[in-house]
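Student: So you can see what is in the structure, the chains are spelled out below.
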Amino acid sequence: MTTPHSHNSPTLLKPNIPVGIVGYGAYVPRYRLPAKEVARVWTGGKGGLPIKEKAVPGLDEDVITMSIEAARNAMLRAKIDPAELRAVWVGSESHPYAVKPTSTVVAEAIGAVPNTQAADWEFACKAGTEALVAAMGLVGSGMGHYAMAIGMDTAQGKPGDALEYTAGAGGAAFIVGPAEESLAVIDSSYSYVTDTPDFWRREYQKYPEHGMRFTGEPAYFKHITEAATALMQAAGTTPRDYKWAVFHQPNTKFPQRVASQLGFNMDQIAPGLLVPVIGNTYAGAAIIGLTAVLDIAQPGERVLMVSFGSGAGSDAFDILVTDKITERRDRAVKTQEYISRRTEIDYATYVRYRGKLAMK
Amino acid sequence: MTEVVIAGIGQTEVAEHWEISLRDLAYLAIRDAIKGAGGLNPQALFAGNMLSPNLSNQAHLGVLLADFAGLTGIEAVTVEAAGASGGAALRQGYLAVASGMVDVALVVGVEKFTDTIGSGVEEALATTSDSDFEAVQGMTTSAQAALVMRRYMHEFNVPEGGFAGFALTAHANGVGNPNAMFRKAIKPEAYAKAEMVSDPVNMFDMAPNADGAAAVVLTRRELMPDGLREPMVKILSSAASSDTLALHDRHDMLGFEAAKLSVEQALKKSGIGLTDINFFEYHDSFSIYAALSLEAAGFAPRGEGWKMAADGSIARTGKIPCATMGGLKARGFPGGATGVYQAVEAVTQLRGSADSSIQLNGARFGMIQSLGGPAATAVTHILERI
Chain A
1 MTTPHSHNSP
11 TLLKPNIPVG
21 IVGYGAYVPR
31 YRLPAKEVAR
41 VWTGGKGGLP
51 IKEKAVPGLD
61 EDVITMSIEA
71 ARNAMLRAKI
81 DPAELRAVWV
91 GSESHPYAVK
101 PTSTVVAEAI
111 GAVPNTQAAD
121 WEFACKAGTE
131 ALVAAMGLVG
141 SGMGHYAMAI
151 GMDTAQGKPG
161 DALEYTAGAG
171 GAAFIVGPAE
181 ESLAVIDSSY
191 SYVTDTPDFW
201 RREYQKYPEH
211 GMRFTGEPAY
221 FKHITEAATA
231 LMQAAGTTPR
241 DYKWAVFHQP
251 NTKFPQRVAS
261 QLGFNMDQIA
271 PGLLVPVIGN
281 TYAGAAIIGL
291 TAVLDIAQPG
301 ERVLMVSFGS
311 GAGSDAFDIL
321 VTDKITERRD
331 RAVKTQEYIS
341 RRTEIDYATY
351 VRYRGKLAMK
Chain B
1001 MTEVVIAGIG
1011 QTEVAEHWEI
1021 SLRDLAYLAI
1031 RDAIKGAGGL
1041 NPQALFAGNM
1051 LSPNLSNQAH
1061 LGVLLADFAG
1071 LTGIEAVTVE
1081 AAGASGGAAL
1091 RQGYLAVASG
1101 MVDVALVVGV
1111 EKFTDTIGSG
1121 VEEALATTSD
1131 SDFEAVQGMT
1141 TSAQAALVMR
1151 RYMHEFNVPE
1161 GGFAGFALTA
1171 HANGVGNPNA
1181 MFRKAIKPEA
1191 YAKAEMVSDP
1201 VNMFDMAPNA
1211 DGAAAVVLTR
1221 RELMPDGLRE
1231 PMVKILSSAA
1241 SSDTLALHDR
1251 HDMLGFEAAK
1261 LSVEQALKKS
1271 GIGLTDINFF
1281 EYHDSFSIYA
1291 ALSLEAAGFA
1301 PRGEGWKMAA
1311 DGSIARTGKI
1321 PCATMGGLKA
1331 RGFPGGATGV
1341 YQAVEAVTQL
1351 RGSADSSIQL
1361 NGARFGMIQS
1371 LGGPAATAVT
1381 HILERI
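Residue numbers (the working numbering), protein chains in the order written: chain A, 1 to 360; chain B, 1001 to 1386.
Do not rely on the hints blindly, as some may be mistaken.
[To be verified] Ranges between beta-carbon positions, derived for each pair:
no., chain 1, residue 1, chain 2, residue 2, range
1, A, M212, B, S1021, 52 to 58 Å
2, A, R213, B, R1150, 25 to 31 Å
3, B, G1070, A, S141, 50 to 56 Å
4, B, H1154, A, R342, 16 to 22 Å
5, A, D195, B, P1178, 56 to 62 Å
Hint data in this document are derived by calculation from the structure and do not stem from the laboratory. C-beta: ideal position from N, C-alpha, C; glycine also.
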């Protein structure tokens, strides 16, 4: 007889069959809009800047094309038969279609159809990690051998709004499979979710709205610290047990502050802190940070990743890098290589690329 | 004359209390005030609040707060006079007890700004001005203060940075107040570098909107329960005045006439003189309003109120200490709760229970003044340690 656990006690999500990351891939579009360029147009160059610059997708890019890029990189690293993918799941808040999945196009492009699940996930900036938890469940239960989870965004920022400085583009794809085939084992995850309306966009609205400082303490900081603390408590770990940590990164300050609140130092978060140079990639933000960490991590190193999605919730993951990392990571373009592939644009070009001019 | 004493005080920290509701905030202050009053049972509740119908979609606040505090059955009303709501509520409580109609009155001030965000707050605040003639033109409360400040600087040749002393004094005192929103001293350079809000009003020339609640229990001296060890503080006098609501209707926008009248009346009723006042809690929602209040009260001649901040006269060791617990600038501006915070803070100083870093020595008389807008309402109370 099993003992029912208390309704409100933190419950680790731990698969029956150990799982991990078999392959991963990132994608960052080429164009960069410096934050000072946004300030030049909107504030006469005054005021602090939340990041250095953000990545901007080109005219022919969207969440579908970018997801395919990342998915192909993940496939290159995993070297598996795409027909073995039992799911292709894409989390985003900028799916090109309101009705019609992004994921079927991605699945078709990488050859995973037709014997597969395909669905789009939505949970603001944690849609990608929500898909990752589901992939852990699918593989961890034995229903499938491999599942792909993607988090990708071409984030929308209202012209002149504080978020226009940071709303970037990019993301990552992960292939989840059995632990023994993995370059990093995901021991468990923990999710902390409440009804906290800090940021939203209703149907037919072009740009999201946010609750200003309400997005800070009661939203970002509360959910991330609760999720991270509960996961570490259940796992019996402390910040010292982790070589690296990655937190959702809407701007430069928030992840730095939440890291020190939790007891992590700046060295632990440095490799995964990409927001200063690519902006907030929303559903891609925490997980693209993880790809940059996996690009440099050594076997045996432990990684804590905590996402945050408005509305609001956080998923925390306890990840252990295996010796398979060394041979696999060089099979595809690394995240930092995407970041250094850079073409700077001005605000006018940005307005054109992002379709912000009303043409009819 | 009946002596009205402050039997108990309560207050919450002034902050952005995202997770505490309007009623909970008020309850926290009420609970402490009643506890401190040694078991006195309030017969009437006067709630000072400025904008809960706009900010929290909640009118009929007095009853809600009485109900939530377990006081159903007693008389309960809301008193609104914009930023002076707290002072006005305190005066209603005072009048009720002084008249003998009520034995024990509970006065609670509460404001919950964070139920609304961004321009919604500005819009709500603008409703406290003349809506048809000021707000409709896009005038905000800071724009109004900017007009007054610019005129004052022009008329009296105030140099750049002339108002810095108000913010510096407030922040220096806020350090010692555990309930203050800002407990950090600032340097003149920080003031000089501050971003402009509405030229010439910069970030440090205006008080921050914040959530908070404060409460006092009032009774007549002879009804005080035995065994209350705290030194007793009484309300020596109370006065309220009004001016034109719209700034443009005034013959002289640099004279806070209502503030002047209310101080004159409060002094007259108290039987003491201005020089007997040991400290002054003014309504520094904007530094220009602090300067004009000093002049209206008679502490400084016309056009020279700003000099009292510049020369240290308002500092803790100065001629007339002001904003002794941080004032609106550093403690924060919890709207209609502000006047009740001033009462709680004055009681704290008079009892000698402030933090040693900001405790005034041997203070006997404290004057507190609550303003609505640019002193369209002014409520002044003089408190005495007995």
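Student: Decide, hint by hint, whether the structure agrees.
Tutor: Taking the hints in turn, this is what the structure says about them:
1. A/M212 <-> B/S1021: 52 to 58 Å: Since the Cβ atoms of A/M212 and B/S1021 sit about 19 Å apart, the hinted range of 52 to 58 Å is violated.
2. A/R213 <-> B/R1150: 25 to 31 Å: 29 Å, holds
3. B/G1070 <-> A/S141: 50 to 56 Å: Given about 52 Å between the Cβ atoms, the range holds.
4. B/H1154 <-> A/R342: 16 to 22 Å: 51 Å, violated
5. A/D195 <-> B/P1178: 56 to 62 Å: Distance hint for A/D195, B/P1178 is violated at roughly 32 Å.
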